[in-house]
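Listed below are the residues making up each chain.
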Amino acid sequence: MGQTLKAEMWDKMQYLFRNYYDRMVHCVQYYDGLIDVNVLKRVLIFTTEKVPVLHSSFHGNVIEPYWSVEDYTVNDILTVRDSVDLEADVNAFICQCIPVESNVQYKMAIFNKDGKSTMCMIVNHMCMDGGDFKYFMKKLAENYNKLLDGDRNLEIKTGSRSYDAVYSKLTPEEEEIARGLYKNISQIKDEHYFPLTPPAPQDVTRIVRRKVGKELFASFRKIGKNFGVTVNDLMLAFYVRSLYEIGMFRDDERLTIPCMVDLRRHIVDGGAGTGLTNHTGFMQCSTEKKGDTINDTLIEVLRSVRKSKDDPYMGLYSLPLLKLAYTIFPFVISETAIKIGYLNPLIGMSNIGVMDAPALRMGDAEIVDGFMTGAVKYKPYMQLALTSLLGDITMTIAIRGNDEDEKTVNRFFDIIIKNMNDFVELNRDKLD
Amino acid sequence: MKERFKRYLETEFRAIAPTLAAMEYRQQMLKQLMDRAQELRIKGIDDEDLIYSMCIEELGDFRSTLVAFEEKEHKVENAKRKGLFIGVGAVGAVLLFVLVYLLVSFFTRAWALTWLILVGGAFAGVIAVACLLTVKFGKAKKFVAMRLMPPVVIALVCVYLFLLLQLVFKVEMSWLIFLVMVIVMLGFDTLLADATNFKFRYVELGVFMEVFCVLLYVILGLTVPDFWHPGWVLCLVGIIASVIMALILIKKYNNAKDNKEKEKINKKYKKEDESYYTMWKD
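Line by line, the protein sequences give chains F and E.
For the first sequence, the residue numbers in this note's numbering are 1 to 432.
For the second sequence, the residue numbers in this note's numbering are 433 to 714.
Treat the hints loosely; a few may be bogus.
Straight line, CA to CA, 20 Å or less: simulated SDA-like cross-link-like pairs of lysine to any residue [said to hold, decoys possible]:
| # | chain 1 | residue 1 | chain 2 | residue 2 |
| --- | --- | --- | --- | --- |
| 1 | E | 475 | F | 296 |
| 2 | F | 225 | E | 512 |
| 3 | E | 463 | F | 41 |
| 4 | E | 475 | F | 269 |
| 5 | E | 512 | F | 421 |
| 6 | E | 475 | F | 421 |
| 7 | F | 307 | E | 467 |
| 8 | F | 41 | F | 107 |
Cβ pair distances, simulated, as ranges [what the hints assert, rightly or not]:
| # | chain 1 | residue 1 | chain 2 | residue 2 | range |
| --- | --- | --- | --- | --- | --- |
| 9 | E | 517 | F | 62 | 33 to 39 Å |
| 10 | F | 358 | E | 455 | 39 to 45 Å |
| 11 | F | 226 | E | 456 | 29 to 35 Å |
| 12 | F | 173 | E | 556 | 56 to 62 Å |
| 13 | F | 214 | E | 451 | 48 to 54 Å |
| 14 | F | 411 | E | 511 | 51 to 57 Å |
| 15 | F | 19 | E | 540 | 31 to 37 Å |
| 16 | F | 312 | E | 534 | 48 to 54 Å |
To be clear, the hints were calculated from the coordinates, so they are not data collected in a lab.
Every residue gets a Cβ at the ideal spot worked out from N, C-alpha and C, and that includes glycine.
Based on the sequences and whatever the hints tell you, model everything.
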């Protein structure tokens with residue numbers, strides 16, 4: 001038997017989530033020049049060697065699952081091709097799924113067209129979340145640039161992948177409290193569905209995306225700044241209001257949306273010393289009513305998120321409960337028990353955040369567009385993912401569905417954009 | 433705006449002691465005010481002075497709120513820890529009783545009797561809970577609920593005593609214990625009624641005396657030969673005792689009233705005051 005790695009708590013949880021989504025995290029980066037594939041290959045080999053979980057297969061052993069380190073070649077990871085229909089190639093690549101039994105847990109493609117490269121990457125969510133995926137892409141570019149400059153001191157973080165790094169920034173008293181937060185927050189029931197068609201065998205993976213537009217984004221961000229609210233608060237308000245409108249929920253209904261939060265806020269140095277892994281929790285955003293105007297919806301959102309923001313233990317609830325279940329039971333029993341106790345949210349939002357354009361430069365090739373998105377949800381689940389790059393936001397909804405569902409998602413994006421415009425119109429005086 | 437709220441809060445909080453809790457409360461209030469101001473701005477009010485006055489006005493009588501905050505009693509929140517201790521203690525006690533039961537049973541081979549150990553354990557558990565509830569209800573001044581607990585304890589003790597006397601010591605007429613049980617129950621309740629100043633405590637005392645005499649008559653009648661006659665006179669003793677008690681109470685009441693009247697008369701006819709020469713009602 002070759003080298004094995006311990007399956008950490010979040011690896012097991014993400015494995016459990018195979019029941020709700022395809023476990024892939026996706027990234028696409030468009031460049032205005034060509035990427036040197038030979039240099040990129042060296043960086044990929046360095047990174048993969050340094051992070052063994054990336055070239056391991058997962059074994060869902062009934063007692064204790066584990067990763068088994070596998071042999072690989074860089075060709076298992078990287079595909080390079082000239083493209084005729086770039087968008088078709090990109091979509092075909094990012095819509096695939098890497099099985100847990102695969103010898104590598106991430107794949108990358110470089111599509112070259114008209115002297116420009118497009119870099120696509122998918123990675124098993126069990127290996128890392130959006131937060132570390134952003135770090136990974138930045139380090140990839142940084143190491144690539146180092147090699148181009150003749151610098152051989154490549155870097156990638158290789159620390160612990162354990163979930164309990166989230167307690168590292170807390171005082172001993174706070175840690176004691178945090179380790180006692182056994183409350184199951186997934187049990188906050190919200191039975192509002194996004195109006196997708198029922199699941200069918202002919203459903204296919206679709207990553208539907210829409211850009212907000214630089215001008216509109218700049219406008220509502222400026223108004224938000226004037227009001228002292230974050231882009232995340234604004235996006236939540238637009239999202240919630242649009243859900244009321246597309247879902248045809250009653251205006252006075254309570255709507256609860258979980259919003260993913262990066263738990264690295266609780267880790268020393270923001271997790272710079274930990275390994276690539278998942279550190280994601282969620283906060284609940286509950287609005288009591290839709291509100292007459294988009295501003296009223298924003299107030300509803302603020303009232304809810306303030307409670308979470310003021311909580312020093314935001315996102316840390318339920319972790320001790322999961323840890324306890326995985327510790328005292330064999331894996332097969334703990335997974336069943338957690339599956340019974342865990343209610344996967346029907347509608348969610350994940351703000352992956354800013355993609356740092358200068359940091360993503362690959363030699364002379366500047367990034368001109370791109371986005372990241374989370375896993376492809378199985379109906380009836382859905383999640384809106386957001387990334388911002390070069391002063392624009394890309395909204396993404398990844399689902400397994402049919403043409404009808406894609407139309408619904410596009411209609412939903414239209415409603416969100418309309419609400420953004422309504423907000424700007426309503427508060428135009430704040431732009432002056 | 434933030435500075436204005438800060439100044440306001442610093443002034444107001446001088447009304448209470450400068451404790452750590454007060455400081456934290458002040459911070460919390462500042463956040464609450466800032467949040468409210470933000471909401472008002474989003475609603476469309478752009479006059480900062482108006483926002484300030486609206487926010488302050490919404491606090492209501494803030495000085496009273498602060499005083500109430502200071503006077504609020506703070507206790508150690510140890511209910512969970514106590515609960516855990518009691519829970520583990522209960523499990524330990526159950527296991528101990530089972531262990532003792534098994535050991536005694538294996539050693540004496542008296543399986544027909546040793547089950548009394550388990551019953552005793554179960555009764556002890558219920559009695560412990562009833563005692564705890566008695567204290568809890570007593571502290572909370574829920575006297576009716578409190579007085580319901582001792583009869584449970586007395587009933588269980590009597591049942592267990594009966595089982596022991598009947599099965600282990602083979603005492604004849606051990607069922608008489610149930611007659612004693614009624615006396616003890618009523619007697620204890622009468623004591624509690626007096627201790628808690630129950631409105632009808634003297635009525636209950638009268639009832640107790642009569643019930644005591646009647647049941648004593650029955651017990652003696654069953655156990656002492658030829659007691660039935662003239663032992664029935666004992667029932668009259670209860671009534672006489674009640675009448676005597678009533679007389680004593682009436683006497684006490686009359687004395688109290690007389691003393692009050694005397695005090696009034698002394699104040700009116702004996703007490704002299706120079707101002708009475710010049711005092712007019714108009």
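Status of each hint after checking the structure:
{"no.": "1", "hint": "E/475 x F/296", "in the structure": "7 Å, holds"}
{"no.": "2", "hint": "F/225 x E/512", "in the structure": "44 Å, violated"}
{"no.": "3", "hint": "E/463 x F/41", "in the structure": "52 Å, violated"}
{"no.": "4", "hint": "E/475 x F/269", "in the structure": "38 Å, violated"}
{"no.": "5", "hint": "E/512 x F/421", "in the structure": "52 Å, violated"}
{"no.": "6", "hint": "E/475 x F/421", "in the structure": "17 Å, holds"}
{"no.": "7", "hint": "F/307 x E/467", "in the structure": "11 Å, holds"}
{"no.": "8", "hint": "F/41 x F/107", "in the structure": "12 Å, holds"}
{"no.": "9", "hint": "E/517 x F/62: 33 to 39 Å", "in the structure": "37 Å, holds"}
{"no.": "10", "hint": "F/358 x E/455: 39 to 45 Å", "in the structure": "43 Å, holds"}
{"no.": "11", "hint": "F/226 x E/456: 29 to 35 Å", "in the structure": "30 Å, holds"}
{"no.": "12", "hint": "F/173 x E/556: 56 to 62 Å", "in the structure": "39 Å, violated"}
{"no.": "13", "hint": "F/214 x E/451: 48 to 54 Å", "in the structure": "52 Å, holds"}
{"no.": "14", "hint": "F/411 x E/511: 51 to 57 Å", "in the structure": "52 Å, holds"}
{"no.": "15", "hint": "F/19 x E/540: 31 to 37 Å", "in the structure": "58 Å, violated"}
{"no.": "16", "hint": "F/312 x E/534: 48 to 54 Å", "in the structure": "51 Å, holds"}
Hints 2, 3, 4, 5, 12, 15, counting from the list given before, are not met by this structure.
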